[in-house]
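Sequential numbering from 226 applies to the sequence shown in my numbering.
If you're looking for bench data, these hints aren't it; they were derived computationally from the structure. Be a bit skeptical, because a hint or two may be false.
[Said to hold, decoys possible] Think about it this way: if two alpha-carbon atoms lie no more than 27 Å apart in a straight line, the pair counts; the simulated DSS-like pairs of lysine-lysine are:
hint, residue 1, residue 2
1, Lys-323, Lys-427
2, Lys-427, Lys-348
3, Lys-314, Lys-348
4, Lys-348, Lys-323
5, Lys-348, Lys-421
6, Lys-427, Lys-414
7, Lys-314, Lys-427
8, Lys-314, Lys-421
9, Lys-323, Lys-414
10, Lys-323, Lys-249
[Claimed, not checked] Here are the in silico distance ranges between beta carbons for each label pair:
hint, residue 1, residue 2, range
11, Gln-415, Asp-276, 15 to 25 Å
12, Val-245, Pro-277, 36 to 46 Å
13, Val-349, Ile-253, 48 to 58 Å
14, Ala-364, Val-274, 27 to 37 Å
15, Asn-254, Glu-426, 28 to 38 Å
Each residue gets a CB set at the ideal place from its N, CA and C atoms; glycine is no exception.
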Amino acid sequence: MSLESTIAGLVTAANNLTNVVSGKMAGINAALADALVKFDEWRSLKDTVGDPYSDGTLTMSIFQGQVWGTGGPIEPQASGGFVPTNLGKTTDVYFHFKLPLNVNRDDRMFWLNLRGYSYGSSKVVDETVAGYAYSAQRALISTNAVGNMTPSVYVDDNGNVVVRIFCPNAYITAIRIDSMKVGIGPSIKQGEIVTKLSLAEKVVF
226 MSLESTIAGL VTAANNLTNV VSGKMAGINA ALADALVKFD EWRSLKDTVG DPYSDGTLTM
286 SIFQGQVWGT GGPIEPQASG GFVPTNLGKT TDVYFHFKLP LNVNRDDRMF WLNLRGYSYG
346 SSKVVDETVA GYAYSAQRAL ISTNAVGNMT PSVYVDDNGN VVVRIFCPNA YITAIRIDSM
406 KVGIGPSIKQ GEIVTKLSLA EKVVF
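Could you put the whole structure together from the sequences, leaning on the hints where they help?
The following block contains the structure:
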């Protein structure tokens, strides 16, 4: 066999091997992409209780955080979804939670359960709030709020829907929030709630 024939045979064999490897790599890439999709779906649903596509589904811990203090004798410190805020004292503090809802834009119902412990207040936090942001009337309607920390829901000057609780003493107050899919619109998701700590009953976001 001539040298040219040997080289040609080697080139052909190399090309065949490359094609085989390329075919297997395509299969591996497809399998990895499918696994990544399944992992992302699992991660997004791991805190879900019930059929994730049905009404009544509960999504756990869409918000969590702790306030250590807001000034005065207790240094302003906070973690999780709360921002460290110096109010000059740590007593008579309102916790405001802005929802991703605006009465000027949205037609969406919500149900939230806030749970936790306020050491400074010697109280268990267990509040449930619900309502309907209704853009046709530019209003928040059919609301209800029950619990241990004077919960309420209001609309700020920019139309944002805000949940509020009152903390007699904010020292070491930890809170988590669960969300249920109710009525019209999707459930509130993790990362969609913004907070403010204030001495005022109402704030503007």
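Hint-by-hint comparison with the structure:
no.: 1; hint: Lys-323 - Lys-427; result: holds, 11 Å
no.: 2; hint: Lys-427 - Lys-348; result: holds, 22 Å
no.: 3; hint: Lys-314 - Lys-348; result: holds, 19 Å
no.: 4; hint: Lys-348 - Lys-323; result: holds, 23 Å
no.: 5; hint: Lys-348 - Lys-421; result: holds, 20 Å
no.: 6; hint: Lys-427 - Lys-414; result: holds, 24 Å
no.: 7; hint: Lys-314 - Lys-427; result: holds, 18 Å
no.: 8; hint: Lys-314 - Lys-421; result: holds, 15 Å
no.: 9; hint: Lys-323 - Lys-414; result: holds, 13 Å
no.: 10; hint: Lys-323 - Lys-249; result: violated, 50 Å
no.: 11; hint: Gln-415 - Asp-276: 15 to 25 Å; result: holds, 19 Å
no.: 12; hint: Val-245 - Pro-277: 36 to 46 Å; result: holds, 41 Å
no.: 13; hint: Val-349 - Ile-253: 48 to 58 Å; result: holds, 52 Å
no.: 14; hint: Ala-364 - Val-274: 27 to 37 Å; result: holds, 31 Å
no.: 15; hint: Asn-254 - Glu-426: 28 to 38 Å; result: violated, 56 Å
Consistency note: the structure conflicts with the earlier hints numbered 10, 15.
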